[in-house]
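Protein sequence lines correspond, in order, to chains A and B.
Quick note: the first sequence uses this note's numbering, first residue 1, plus one each step.
Quick note: the second sequence uses this note's numbering, first residue 1001, plus one each step.
Some hints could be false.
[What the hints assert, rightly or not] Some residues of chain B that are not near chain A, with every Cβ distance over 10 Å (derived): (1) Leu-1037; (2) Val-1041; (3) Val-1061; (4) Cys-1455; (5) Arg-1463; (6) Arg-1471; (7) Gly-1535; (8) Asp-1574.
[What the hints assert, rightly or not] Listed next, with one range per pair, are the computed distances between beta-carbon atoms: (9) B:Ser-1416 - A:Pro-118: 34 to 44 Å; (10) B:Arg-1299 - A:Pro-118: 31 to 41 Å; (11) B:Asp-1449 - A:Ile-67: 22 to 32 Å; (12) A:Arg-29 - B:Lys-1184: 20 to 30 Å; (13) B:Arg-1516 - A:Glu-47: 51 to 61 Å.
It should be emphasised that the hints constitute simulated quantities derived from the structure, not laboratory data.
We treat Cβ as the ideally placed atom computed from N, Cα and C, and that holds for glycine.
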Amino acid sequence: MAVSITGQGFIDPTQEPMQKEIIDDILARNATLPGGLMVILNELQNEIGYVSATMQQYVATKLRIPISKVHGVVSFYSFFTTTPRGRHILKFCMGTACYVGGAPQLIEKARQVLGIDPGETTPDGAVTIELCRCDGACSQAPGSDCRR
Amino acid sequence: MKFFRSHVLVSVDPKSLERGAHEVIDALNDELYSQGLIDEVQVLETSRIGDPLRYGPDMMVYPEGVHYTNLSIDDVPFLVQEHFLKGRIVEKFLEKEEKVQDEELGTPTPKELRIVLRNCGKIDPNNIEDYISEEGYLALGKILADYTPEEVVQVILDSGLRGRGGAGFPTGKKWQFARVSQTKTKYVICNADEGDPGAFMNRRILESDPHSVVEGMIIAGYAIGASMGYIYCRAEYPLAVKTMNIAIQQARELGLLGKNILGSSFSFDLEVRMGAGAFVCGEETALMASIEGSRGEPRPRPPFPAVKGLWGQPSNINNVETYATVPIIVLKGAKWYASIGTEKSKGTKTFALAGDVVNTGLIEVPFGTTLREIVYDVGGGIKDGKQLKAVQTGGPMGGCIPTEYIDTPVDYETLSELGSIMGSGGIIIMDEDTCMVDIARFFMEFTQDESCGKCVPCRIGTRRILEILTRICDGNGRDGDIETLEFLSQQIKADSLCGLGQGAPNPVETTLKYFRDEYVAHIYDKKCPAKVCKGLITFSILDGPCTGCTVCARNCPVNAISGERRQTHAIDPDICIRCGICAQVCNFNAISIN
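So here's chain A without its partners, still in its complex pose (with noise of 0.2 Å):
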């Protein structure tokens, strides 16, 4: 997953009042918890949708690390994401079961109908289509998983 540590073009989190309380707060109960940086980023994706490059920066700055160490989890981990995604994730399930059952005759009509590919996200920010590991529903495959 590439990252520009520079230039995002949006509101950053750490900006924005409401956003800073729900960081802070993350990180003042996980700060002292062995292992905790896993945990904080764990909760920081799922309360604000994505760990930008200065929330990186915040994390590190609070948990007294280098934000190296903070960017190398991120990057290493595929949930991670760092920048904001679409309102809703449609999510295809790429494991064996799904892949023999026709995961890949779902995403090509998923990329005729929505006219984005992969990883990327409507224009009007509406869907992003994403691929992932196997979601553990093998028996109904092929899976899909959507979101908000």
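With chain A held as given, fit chain B onto it using these hints.
Relative to the frame of chain A, chain B by itself:
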């Protein structure tokens, strides 16, 4: 005409008759007569009510519209007195609402033996009392009262339980190693990072019977001398995380977790930690790095986790299924458990059956059950009457086993002899329409993407294999590709740091071994025998069946199909992207794939 205040309809379909419907009717009339109700209640015969395959004679009572089921003649006097004399509905015989069919756990077939899954679908996972009523936490009480930690380890050793995460290392030995490490702080870790595509047994256990895992982990904690445990669950399983958190909370409230469990001197607590979508974190050293809040990269072993694990302390790490098996072994004894299975692999194993098989879902069979029994007796055979082509076991680090070996009894050793692995237990059934080269490419795409990048053989080797396989699937395979694949596979296997890299070439090696002709057809004849690989197939419209209905032309995403209404259409191969939509929408099977 005579009027009755009540009418009773009794089912007299063949099944109900077999179970004594007529006798029930006679008994009803006798009892109504002796209670003096024979002029008020009329008994009638009717056809089937409800599901006669499961229950005895059924009965509908009007005007109330009450449905009684599972009746025998002995119940009749009580029923008549309660319902017709006292006017009370008898709850005991009321037809319960039909249970919603469980899509993952069907009724067990005769070949199955459910030990780990015994409670799944039967108890309420969010209610600890349900688990306790099924002898839950009895094993914990037993060991805390009567067993020394060494004795617990001995029980697990004697049972022959082996790690269900895939490698099959004896669990008792693992516990022994962690037990002998002399430090104050030790950890128990549950690996619930079930990342293998096609496997969902652990998810189901966590969601349906969370307390069995909690109890197993407490017992492990007692055995090795740990006071803290972590359950590392993947982020793709939000419900499992939620259920486990509820289970831990409830166990704490009852004093089954926390300080001085059940009044003993033993204290233990648990915490759930979530992953964030990295497959490699299923590897134990990577998993521990992830709990510590770092990048989930594996490190060389030794030192093994039992010596130096989480935060540098001795740790015992087992799979969900392993822990869930522990309580019942303690309860029923090591001897009982060791009597199930094969010589080297004891007990039962859960498998997630998926792919082109009639009954997909979770199964649990004793070790030694053959693949044929799993596919045909438990799985109900191949969908749509097609032919079985291969059985894929062990996830992306596993291999494809061809039909010749379908009578192999499944255990850890036999599967590795065939070049595959047990893995965590996903079994994917592939029918004749599956292209084995494409499957190898699919798995390599997975491992290449999920390789953490720490060691070179895995990071670069899988990339080169994927490039070659993609080339072959696109129709650009070259002479010598097969040999290069074999060479690369050996190198990656021998030199990679962790199980991901060491197992990554398995799908390629097994398909090369058992389905080499398909590789040859792709590379030298430029043909995909299963008609899957887009670069090697062409779509055309058959003159005869085509009615010129225009449905294909209207659905073609790239407008590659032309033709007049009621005339045979044609596909322009230069524009066609081989998406296959025309073949799906055609109502006359007029699209031919070559």
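Subject >> List of violated hint numbers, smallest to largest >> reply: Going through the list in order, the structure violates no hint and respects every one.
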